[in-house]
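Chains as they are written, first to last, in our numbering: chain V, 1 to 242; chain L, 1001 to 1077.
Everything labelled a hint here was simulated from the structure, so no lab data went into it.
Using N, Cα and C, we set each Cβ at its ideal position, and we do this for glycine too.
This list has only true hints and no planted wrong ones.
Taking lysine to aspartate or glutamate pairs in the EDC-like style, the calculated list, with each CA pair at most 16 Å apart, reads: (1) V/Lys90 x L/Glu1049; (2) V/Lys90 x L/Glu1002; (3) V/Lys227 x V/Asp153; (4) V/Lys90 x L/Asp1051.
Some but not every residue of chain V turned toward chain L, in silico, with C-beta under 8 Å: (5) Pro49; (6) His86; (7) Leu89; (8) Pro92; (9) Ser94; (10) Ile95.
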Amino acid sequence: MSENSNWYPVALSDGVETGSSSGTHLLGEEIVIWRDGTGAPHVWEDRCPHRGMRLSFGFVRSDRIACLYHGWQYGTDGRCLAVPAHPNLKVPPSITVWRHSCHEQLGMIWAHFREATGAPGIPVEATGEVLPIRSLHIDCPADVLAEQFASFDIAPFNSELADGSRSTRRDGSLIIVTMQNGGLSETLIGGVQPLDEDHSALHAVLAVSSGDYRGAGQLHFVRFVEKLRDQLETGGRSSRAQ
Amino acid sequence: METVTFLFTGRFETASFADFARHRAARLALSAEMPDLTPSRIRITVSGEPDLVDAFEMACSLGPIDCLVADVVRRPG
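Extracted from the complex, chain V is given alone in its bound form:
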């Protein structure tokens, strides 16, 4: 089994700023992704133990995330550290938010529902600089998204132009498409996040050997993934993105 089997990308790295939080779903569970003041990411159950309010609606101050509802504050270990309405209360350790294993690499934030002993594997094709493309939600199951992403046709990854040098493989939640041409190797990676049985999210990055893809090049792939989403959501699954 791949070491990526139980790791799922849940956001692009540049999609969650330091000192901010964001809510999403993974396998039907609500999760909050937040970055503390040092920039370290955390992935937790999106529920304040006090009243069940989503912590993703809260706010981050330094190394704590606070619930928007009554301001209960939680440290990076998930424990409640302060209850503003009871400033003298010694908060018991039982008031703790459920944490998931979290890792950041390949331009993505990853989550693992069980306690992970390692980190998600980095594909050997992902050499060079990693450029973010975009994240987007798609109303289709994760397997359908992965299948369609793997079979896309978009310049310069067109199979007919790459002179047979295009390769595609799946590694856990990643779809890795590599094009080799003229001594250059470029890799488009799609991280597939199963939101629930019927909905998914795509986190796309480029691993490139030159900076030629910055700016307009990234926009080119942004348009591709948006078109892919449109095709999947409107049922045009037999056509190819251009």
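Take the given structure of chain V and dock chain L to it, following the hints.
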């Protein structure tokens, strides 16, 4: 440390309310005993930090979605 007995009256799915109350008590580091569980009244005795006993009362005054708490009476011990 404070010990308080709450008498909740209203309409209850007793198993649902008991699970809810036990979960809340555990979260708030309170000990809880439920000697009286009926569809119309539930008696719970909890012990722990006074502020957290108050938090328990507030949480249980809402209760789970399939229960309706009409009134809460609180007495020491």
